[in-house]
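One letter stands for each residue in the lines below.
2 protein chains.
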Amino acid sequence: MSRPLILVSNDDGITAPGIANLVRIVRGLGAEVVVVAPDSPQSGMGHAITIGQPLRLDKSSVFGPEVEAYQCSGTPADCVKIAKHHVLKDRNPDLVVSGINHGSNASVNVLYSGTMSAAIEAAIEGLPAVGFSLGDYGHNADFSHVDEWVSQVCRHALDHGIPAGTALNVNIPKNSSRPIAGLRLCRQARAKWQEEFDTRLDPYRRPYHWLQGTFLNLDSGTDTDEWALAQNFVSVVPCQFDLTAYRGLEQLSQAWQLPLPEVNAAAEPPQPMPGEDYGPANP
Amino acid sequence: MSRPLILVSNDDGITAPGIANLVRIVRGLGAEVVVVAPDSPQSGMGHAITIGQPLRLDKSSVFGPEVEAYQCSGTPADCVKIAKHHVLKDRNPDLVVSGINHGSNASVNVLYSGTMSAAIEAAIEGLPAVGFSLGDYGHNADFSHVDEWVSQVCRHALDHGIPAGTALNVNIPKNSSRPIAGLRLCRQARAKWQEEFDTRLDPYRRPYHWLQGTFLNLDSGTDTDEWALAQNFVSVVPCQFDLTAYRGLEQLSQAWQLPLPEVNAAAEPPQPMPGEDYGPANP
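Just so you know, the sequences run in chain order A and B.
For what it's worth, the numbering used here labels the leading residue of the first sequence as 118, then goes sequentially.
For what it's worth, the numbering used here labels the leading residue of the second sequence as 118, then goes sequentially.
It should be emphasised that the hints constitute simulated quantities derived from the structure, not laboratory data.
Keep in mind that this is a model prediction, so the values were computed, not measured.
Among these hints, one or two may not hold up.
[What the hints assert, rightly or not] Straight-line Cα separation of at most 30 Å, BS3-like style, residue types lysine-lysine; simulated pairs: (1) B:K206 to A:K309; (2) B:K176 to A:K309; (3) A:K176 to B:K309.
Could you put the whole structure together from the sequences, leaning on the hints where they help?
Structure below.
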């Protein structure tokens with residue numbers, strides 16, 4: 118393709134450093150870039166859409182005069198919908214990228230992630246899409262090591278495509294003295310958040326509750342995104358609308374010529390057989 | 118089990134007729150019922166969670182003195198988290214039910230559904246969970262035909278369990294002169310919304326945009342939830358965190374003694390092979 122068209126969104130909002138880095142990197146690929154991103158942070162919005170309220174959409178100059186950009190009052194999924202059906206109309210982007218999220222979206226976090234919901238919404242629309250996240254939650258997260266990896270993934274996506282019906286969940290380790298070990302195709306680790314609520318009293322003596330959680334990786338597999346990130350790999354998980362796409366993993370492995378991780382049967386999510394632990398719950 | 122404990126939530130808010138019907142039906146099963154539901158409508162919230170804001174949780178008497186009920190300022194997923202970790206603490210519910218949603222959550226709607234995100238959040242917590250939805254969007258939706266089917270599903274779930282790592286997406290056709298044909302295990306139909314934006318000017322001459330869409334079923338399979346609903350069946354789809362759980366369908370079919378739908382290979386979502394249409398996107 119001559120000059121690819123890349124649509125950019127995110128969930129941290131149009132002024133977040135993560136999206137500024139993503140726009141800079143995809144412009145460096147020679148792409149024409151259109152941005153439609155939330156006008157305020159939308160972390161944890163999952164696949165929310167706006168129903169019963171209209172959306173605002175305003176031109177933005179935060180990326181300078183050469184980037185067509187809009188801020189939208191909706192969720193990340195809304196941004197992709199209004200980008201495709203209102204801003205771009207009949208022009209299909211060659212790639213949709215979302216992020217770079219401030220914080221990991223590996224394993225079960227994919228479900229809560231606005232970054233990934235933008236990518237998955239694009240996949241539902243039949244567009245190739247990638248969500249990028251960095252394992253660093255700070256507003257002042259260090260993005261200085263990400264260029265090579267974001268570029269490499271985008272180039273692969275533009276040159277070879279992405280399995281139909283999937284969006285890629287790409288997580289990049291936090292910057293450290295260890296060099297990034299490379300890209301690694303993974304499955305979504307089985308994990309959960311162990312929640313606790315911190316209950317306090319407001320000045321009017323009414324209680325309020327802060328959600329806080331500890332991340333629990335329940336998966337000892339060496340084929341998961343959590344394992345890859347712990348080894349300082351960039352994890353690449355193809356996600357279906359049925360999230361982890363095992364078949365898509367195989368396809369991507371062939372088309373991109375990246376090794377397929379060895380599936381550890383023992384480490385797979387539990388798939389009990391009738392008569393085994395497939396009995397009444399909480400016996 | 119002697120007297121099961123059932124946790125109830127929804128996304129239409131604690132005062133919606135759908136949840137009143139659900140509470141009434143599960144009480145009819147002899148269950149002890151605890152409700153934690155949003156204090157306002159949360160339709161389309163997907164798997165959103167509340168980050169950066171605390172939650173309010175207040176006792177509610179909307180279901181009368183015999184039902185322990187709370188309204189929560191958060192999303193459906195938040196409600197399940199605060200129910201499990203704060204309200205119920207060490208008591209695990211025998212079943213989590215969400216709904217009854219005013220409007221279908223079949224096919225791709227599962228992704229946008231707050232009703233199903235409550236059920237999926239429960240499944241992540243290792244709890245058996247079912248989301249119920251009715252194909253009738255109105256606030257005054259007619260629930261007069263649902264009792265038998267909601268009871269039947271809940272009884273199956275309590276007696277035989279639900280495949281580990283899944284939540285059931287149960288959709289009930291709108292009431293009509295046709296009798297309900299029965300329960301039917303299904304896979305999630307491949308579908309999408311064809312969006313359009315209706316752009317208007319506010320009194321200050323600033324544009325705003327209403328999201329509106331037409332539902333497109335792209336799937337001709339007779340093993341899908343959309344097909345089942347069109348034939349006036351109650352559709353039952355086990356959803357993984359990787360949404361449609363084909364293996365869970367088989368397990369449920371055996372454990373509940375319901376026939377497994379015949380999978381039409383031709384009707385399955387596209388899974389192109391390398392070299393076929395697995396090429397660069399938008400060639």
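Tested hints:
1. B:K206 to A:K309: Roughly 17 Å separates the two Cα atoms, so the pair holds.
2. B:K176 to A:K309: 28 Å, holds
3. A:K176 to B:K309: Within the cut-off at roughly 28 Å; holds.
In summary, this structure violates none of the numbered hints.
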